[in-house]
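Chains as they are written, first to last, in the working numbering: chain A, 1 to 244; chain B, 245 to 406.
Since the hints were made in silico from the structure, they are not lab data.
Take the hints with a grain of salt, since some may be wrong.
Said to hold, decoys possible - Heads up, simulated DSS-like pairs for lysine-lysine below, C-alpha to C-alpha not over 25 Å straight-line:
| no. | chain 1 | residue 1 | chain 2 | residue 2 |
| --- | --- | --- | --- | --- |
| 1 | A | Lys183 | A | Lys73 |
| 2 | B | Lys246 | A | Lys73 |
| 3 | B | Lys295 | A | Lys133 |
| 4 | B | Lys256 | A | Lys112 |
| 5 | B | Lys256 | A | Lys133 |
| 6 | A | Lys108 | B | Lys256 |
| 7 | B | Lys256 | A | Lys109 |
Said to hold, decoys possible - Rough simulated footprint, nothing fancy, chain A against chain B, three-plus residues with beta-carbon under 8 Å:
| no. | segment |
| --- | --- |
| 8 | 257 to 264 |
| 9 | 295 to 307 |
Note that the Cβ used here is the ideal one computed from N, Cα and C, for glycine as well.
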Amino acid sequence: MIAIQTIDLTKKYKEKIAVNSLNLTIEQGELFALLGLNGAGKTTTIKMLSCLTKPTNGDAMILGNSVISNPMKVKELINVSPQETAVAPSLTVRENLEFIARIYGNDKKRSKQKVEDIISSLELSSIAEEKAKVLSGGWQRRLSIAMALISEPQILFLDEPTLGFDVIARRELWNVIKRLKSKITIILTTHYLEEAESLSDRIGVMAKGELRAIGTPNELITQTNAERFEDAFIALAGEGEIRL
Amino acid sequence: MKTLVLASRNGKEILRDQINLFFGIGFPVILLLLLTIIQSNVPVVLFPIDKLASGISVFGFSFLSLFSGVLIAKDRTSSFMLRLFAAPLTSSDFIFGYTLPMLPMAVLQVVACFAVAFLLGLDVNMNVVLAIIVLMPAAILFIAIGLLAGSIFNEKQVSGVC
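Looking at chain A on its own, in the form it has when it is part of the complex:
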């Protein structure tokens, strides 16, 4: 079943085209990585798919619901972990999680149950009563992802989830993402190529607002006659011809 389908999805800021006629189909349960240089249009694409910004042209269907005509239904089905850590600083970890569970329509009892489940599955029990503002960057990001997961989204958008992490924290988060794979659809943007290569089922490479190529890491390597994935990415994300 198709989780996400974009139809000529376009976003313009005055004369600048941030995303240009994006046509993309992502299956349910897939972990899809969007790669590209800075300003390639990855975050704008995620913002349009998560109803945070309206497309200038085109549309996107999220599990059959249009982001333009039915954004509230879309918002019930998805959740986002933004690029920057997005937690309520003066609330404890438990309160942050309960807050998100409740704004997604769960009653108090159900929210508490969900909080216990997510604290257990993401190993947050040691910091559950700590205020978010005193946590390290790694824990805050883990909490941010837990807050995105507690609503049990069918589609999860992770915008550069390991940005600024040390090696250990990154590997820990990779393990969390791997555990989620196939249970939900995950759209990941990242600048770390090894992250995309290790985690993703398929990768889309964007450059100057356009989708330059799409496929598994091996398919992209073959497509560009490269030796390594990094070479393939440079060939696709650089100034070369569009290879769709």
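Start from chain A and add chain B according to the hints.
This is chain B only, laid out in the frame that chain A set:
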């Protein structure tokens, strides 16, 4: 329901900052005491307590603008607002969610000001209740100014504007 959940979170964010509590309630009371002391030491009537109490109450509302404005500006800059925008919340959830937690604070401010004013010689009568009721629309106006400023400016700018 979602409005109340958001309001509860916003209330906790504001009340858990001890400096907010001091400036919101303590500072207007201190100002009331200082001006009353000044009044008792000058021969002309500058700050009669019946006018001063309500005036200081309105002054205290400027802190409500500051608190609501800074909270929104912080949420915007930390991407927390992005998370809320991605949630199934309506515009009224946002407006009331950020306004409601400020109202009990406004009432508390006014009550604290008048309680101290009673100790300083203000007559206790029903007019005080009327004054509190009349002050509430003013409180909402100050909160709204804070929400507007927080939606437009960043945290540092809000501190300057409000």
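Structure-based check of each hint:
The straight-line distance between the Cα atoms of Lys183 of chain A and Lys73 of chain A is roughly 20 Å, inside the 25 Å bound, and the hint therefore holds. Using a Cα cut-off of 25 Å, the hinted pair Lys246 of chain B and Lys73 of chain A holds, with the two alpha carbons roughly 16 Å apart. Taking the CA atoms of Lys295 of chain B and Lys133 of chain A, the gap is near 42 Å; set against the 25 Å cutoff, the hint is violated. Note on Lys256 of chain B and Lys112 of chain A: the hinted pairing holds, with a Cα-Cα distance of about 18 Å set against a maximum of 25 Å.
For the suggested pair Lys256 of chain B and Lys133 of chain A, the alpha carbons sit about 14 Å apart, so the restraint of at most 25 Å is met. Note on Lys108 of chain A and Lys256 of chain B: the hinted pairing holds, with a Cα-Cα distance of about 17 Å set against a maximum of 25 Å. The suggested pairing of Lys256 of chain B with Lys109 of chain A holds, with an alpha-carbon distance near 20 Å, which does not exceed 25 Å. Residues of the segment 257 to 264 of chain B lying with their CB closer than 8 Å to a CB of chain A number 3, which satisfies the three-residue condition for coverage.
Coverage of the segment 295 to 307 of chain B by chain A is violated [criterion: at least 3 residues with CB-CB distance below 8 Å; count 0].
Consistency with the previously given hints fails for numbers 3 and 9, ordered from lowest to highest.
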